[in-house]
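**Student:** So the sequences go chain by chain: D and B. So the first sequence is residues 1 to 265, counted in our numbering. So the second sequence is residues 1 to 323, counted in our numbering.
Honestly, the hints are just simulated from the structure, not real lab data. Honestly, I wouldn't trust all of these hints.
[What the hints assert, rightly or not] Now the stretches of chain D that chain B is said to cover, found in silico as 3 or more residues with beta-carbon under 8 Å:
| no. | segment |
| --- | --- |
| 1 | 11 to 20 |
| 2 | 24 to 34 |
| 3 | 87 to 101 |
| 4 | 122 to 130 |
| 5 | 171 to 185 |
| 6 | 228 to 237 |
Think of the CB as a built atom: it goes at the ideal place given N, C-alpha and C, for glycine as much as any other residue.
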Amino acid sequence: MPLRNIIVTLKITPKPEEIRFDPVTKTIDRAKATNEINPADKNALEMALQLREKYGGRVITVSMGPPVWEPLIKLAVAMGADDAILISDRALAGSDTLPTSLTLARAIAKIGDYDIILSGEESSDGGTGQVPPGIGEWLRIPHVTYVSAIEIIEEGRARIKRTIKGGYEILEVKMPFIASVELGCNTPRFPDFRRKRWAEREFKLKVWTIADLELAPEEVGFKGSATTVVELRELKPPERLKRVISGDPDKLAEELAEIIRSIIK
Amino acid sequence: MVLAERSIWVFIEQEYGVIEESSLEVLSKAREITDKSGGLVTGILLGWNIRDKARELGRYGAHKVIVVEDKILETYLSEPYADIVGWLIEERKPDYFLASATRNGRDLAGRLAVRFKTGLQAHVIELDINEDGLLVGHVPGFGGNIVAVVKNIKGKPQMATVAIGVFTPKKLWSEAEVEVVDYKVEVERLNMRIIERVKREVVDISKSKRVVVAGMGTGGDLELVRKLSETIAADIGVTRPLADIGVAPRDIQIGSTGVSLNADLAIIVGASGAPHFVSGIRNVKTVISINKDPEAPIKEFSDYYIIGDLFEILPRLIEKLKR
Ligand SMILES: Cc1cc2nc3c(=O)[nH]c(=O)nc-3n(C[C@H](O)[C@H](O)[C@H](O)COP(=O)(O)OP(=O)(O)OC[C@H]3O[C@@H](n4cnc5c(N)ncnc54)[C@H](O)[C@@H]3O)c2cc1C
Ligand SMILES: Nc1ncnc2c1ncn2[C@@H]1O[C@H](COP(=O)(O)O)[C@@H](O)[C@H]1O
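Let the hints inform the model, and build the full structure from the sequences given.
**Tutor:** Here you go:
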């Protein structure tokens, strides 16, 4: 029997090196930053596509975010996702990991008929890694984090490789389950050129509101969150000498050797 | 007299009876908070044949330790761990629950926060309880350049995971009261089991005095880096992509998803200086980097920025240092 749905939670994040902090307004300026599919989610998507190639099933991405995410979600479709859903609603603004995992779990339940849910190990902006175990709890299914490989061993069971301190462990887990996929554990494929054109022009992204998920405005967003951000601060890099040394490799090495000797003495 | 009205629980991670050092850091921080504003610190210790280790947790700040023993708890496994800790929380209703932000600590806390519909702060680098009894923590984001001051506003226990290596375990002259709680794990009802574990000895480079760090500029060839590290008696660290491609273990990967260095000297070769990486070298005293790009971002984070090809510089450097 082929796998049932493989659902990938997909977040769009700004490139961290392009983020600016405005010290006056104490806000983060994301406007100049390029958006990308959250790197670990790209690995999750690649893993989902490979699972589909081996065991069948449909790969569906689900994202909770603003409409501006649409082009990048379509890129995931161009990579091979069969379908994509965006949950977008003004009421969702300010959600911490509690309502975020709730909303994603509701959407996953609405899609239904799933065997495997894949998330990224963490998002490159928030970076909490809390959302995947949270989804597992809302859906009352097992969760495994920091996963680098999944293999189906028999009907309803998978063998999962999880990174641990000093190495890895292999778990046997009953489906359905949610796994958070380790950043960099595979090489995400490039979008297929023809599929990309099709995704951009013809593919219709499904957009759901919280009403579609039977969620009340108080359950999500700022109101539904259990934490609040009091203030943002910039963590200034430590003062460094920033002495630049360049020139002939022989002389460079000599000078550098002197510097190192004076430090390790 | 210690006031008992406020209770902070700290998850004590262990594996085959060996306690995870970063759990002791959290324990000491929790004790610092209760010493200041009252309350009891309780360590939650799950494992197998582990009760002997419980009493000495008093030395790191635990007033009390609750122990649950079962063979299946010998190493971390999300389902039984979440069920047992969740059951204990339900029974005894602690006010706060803290864990170290290790893979397992995050795994457990993420699940429990939703079970109790409560706030969870991620890998905090500063932590306190304010006048209103609310947990306030500093949560780094965007690779660590920006810190959000976060307050819990809902739910009990108020939760946080604590960044590794930020707080220091302190030694006290006290023993913890130990309570062993009976709990029978119904193994046949679990949805998961561990069938294999592969582990090697880990060098904890967060404590190394000197580290040579390899980036992707090495192309994954660590030969020269190894030679340099031997020459100056340093340990080796890598940027994340080198661990991704498997030329080095994850445990020596530096940055926001790896280790933070506290070395006197770090020599960084062929790394660009991405935000997620540089957050791991903040506490290094002297940073030397070698990069063939005259303007790589790592320049701003270096005391000495050597412009050149590492494959040309390192052999010469090693030779000169040997002399
Ligand atoms: C959520 C998330 C978490 C992350 N966590 C971490 C983390 O904890 N740690 C981490 O390191 N990364 C992390 N990353 C990845 C990070 O964003 C960067 O991709 C990574 O740090 C880049 O590694 P690098 O500097 O080795 O490689 P590159 O960015 O490719 O840089 C290679 C450098 O080598 C130089 N070079 C090339 N050839 C030579 C030569 N012959 N001689 C001298 N110099 C040369 C180049 O000029 C360049 O500057 C994370 C990313 C995300 C999204
Ligand atoms: N708004 C979101 N939409 C879709 N997926 C998300 C969202 N937030 C978090 N996730 C998923 O949860 C993972 C971990 O995120 P985090 O807990 O924020 O570090 C990400 O890699 C995503 O797969």
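**Student:** Against this structure, judge whether each hint is valid.
**Tutor:** Now the hints, each set against the structure:
1. 11 to 20: This one holds; 3 residues, not fewer than the three required, reach chain B with a Cβ under 8 Å.
2. 24 to 34: As far as the segment 24 to 34 of chain D goes, the hint is violated, because 1 residues have Cβ atoms under 8 Å from chain B.
3. 87 to 101: This one holds; 4 residues, not fewer than the three required, reach chain B with a Cβ under 8 Å.
4. 122 to 130: holds (count 8)
5. 171 to 185: holds (count 8)
6. 228 to 237: Held - the segment 228 to 237 of chain D has 9 residues with a Cβ nearer than 8 Å to chain B, which meets the minimum of three.
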